[in-house]
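Residue numbers (my numbering), protein chains in the order written: chain A, 41 to 282; chain B, 97 to 295.
Don't read these hints as lab results, they were simulated from the structure.
Nothing here was measured: the structure is a model prediction, and the numbers come from that model.
Ideal placement from N, C-alpha and C gives every residue a C-beta, glycine not left out.
Misleading hints may appear alongside valid ones.
[Unchecked claim] Below, a sample of chain A positions facing chain B; criterion: calculated Cβ distance under 8 Å:
id	residue
1	GLY87
2	ASN105
3	VAL114
4	SER216
[What the hints assert, rightly or not] Here are the in silico distance ranges between beta carbons for each label pair:
id	chain 1	residue 1	chain 2	residue 2	range
5	A	LEU95	B	GLU141	15 to 23 Å
6	B	PRO187	A	SER253	43 to 51 Å
7	B	THR273	A	PRO190	33 to 41 Å
8	A	PRO158	B	ARG262	27 to 35 Å
9	A	PRO49	B	ILE259	34 to 42 Å
10	B	GLU141	A	ASN252	27 to 35 Å
11	A	ASN194	B	GLN99	42 to 50 Å
12	B	VAL105	A	GLN221	33 to 41 Å
13	B	ASP143	A	PRO190	46 to 54 Å
14	A	GLN221	B	THR273	28 to 36 Å
15	B	GLU128	A	GLU173	39 to 47 Å
16	B	GLN99	A	HIS176	26 to 34 Å
17	B	ILE259	A	THR61	51 to 59 Å
18	A	PRO131	B	LYS271	38 to 46 Å
Listed here are the chains, written in short residue letters.
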Amino acid sequence: MTDTAALMPRRREVHPDPYYTDYKTSITRSPSLPLLSMESTPSEETGPRFGHNMLGALDNNLISNYSQGKALAVGERIRVHGRVLDELGRPVPHTLVEIWQANAGGRYRHIKDTYFAPLDPNFGGCGRTITDENGHYEFMTIRPGAYPWPNRANDWRPMHIHFSIFGHAFGQRLISQMYFQGDPLIDLCPIAATVRDRSQLDRLVAPLDMQNSRGMDYLAYKFDIVLRGRRQTMFENKPEGM
Amino acid sequence: MTQPLDIMVETPSQTAGPYVHIGCIPTFAGVEGVYPEDLGLSPIEDDAQGEVITIVGSIYDGTGWAMRDAMFESWQADAAGVYPGQDGADPKVTGFCRFAADKDTGEFTLRTIKPGSVKGRNGQVFAPHISIWIVARGINIGLNTRIYFDDEDNSADPLLARIEQRPRVDTLIAKKTGDGTYRFDIRLQGEGETVFLDL
Ligand SMILES: [Fe+2]
């Protein structure tokens, strides 16, 4: 098995429906024609790689990276950690993981966010890291607040952290969201509900992880991520039909 | 009962939302000072081999409105058709670029070099193309497509050959507008809908 093997086909049934009427923006932003499916090619089987040397010391610490260590963000201190794996259960080492989130009041530092919860002068809302050789990653951050959003008249996003993961192939590229155990807004959220299969949505809900929490300091949440795997065969390099 | 397959399932996607810029291109979004610069500002360094080209376009929703909030990633081979990381790749080509629709006009610009044709398995040869991945609010799973070029021979491309309705091939082909400049518009839905890929 090499890095040039074909990717396992994406299992679209575990992913959200592109068109989901309760999430109004998706109505005009979803293709109406079928996707063109075929076996992956080198264009999807290769992908950008990023080195640990591009990271700054505070890149994975959202509590202090906006002030560059001069002051701390307001909020419940949490550690978010987990592993990036592929569909064969193998760790995905040395891959870039980026996150973004609202502040403790549910406000993003973004020109389009006009919610009147105040900005935190010491919170930017982005972080990044690269998995270690075992696929582990971790972030220090504050628990984001839930926030209202313009969709139906009274829709609220549950507390969530956005995740962007590369893997080692452009065809593995994935963006998702992490929710928090016990948040009653998950069941009411039309964006969470775009994942139709509840057991699949549950995979986006991070459990509280007291064993990895630290007394008088932070609570931990564990969030593992699975990317597409590659087909395992020794037949790939032979001419077709041989 | 049978043996278990022992295959895990990919984590479900969720929309990148309206604030994807904070996470992926924070300096562009006005969150300055966390990173020295945004990732993927250019897919090439100075002295990359090949023809420098600029591709300009817009992405339209199902009503024909040019979306102001989409973010794009591109991935491509070098001028010889070799992907970064492969043996013999041009060290001046990183191959990866991130760019966003302009918040006022919705137009995007990708400046890069024209890639070479790419060899696949079983003797397949793909015409020069750039892979594109699109995320935005309302897009529940990132959309994959490709940019081909109208001044290249695309007649034997195995992916384009799979498109049954031949007029739709056109949706994947950038049109030359001048010396080294191309236009590539993306239509998410409806008339002239772009061919999106699952591979
Ligand atoms: Fe969000």
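Of the hints given before, which are not true for this structure? Failing hints, ascending: 3, 8, 9, 10, 12, 14, 15, 17.
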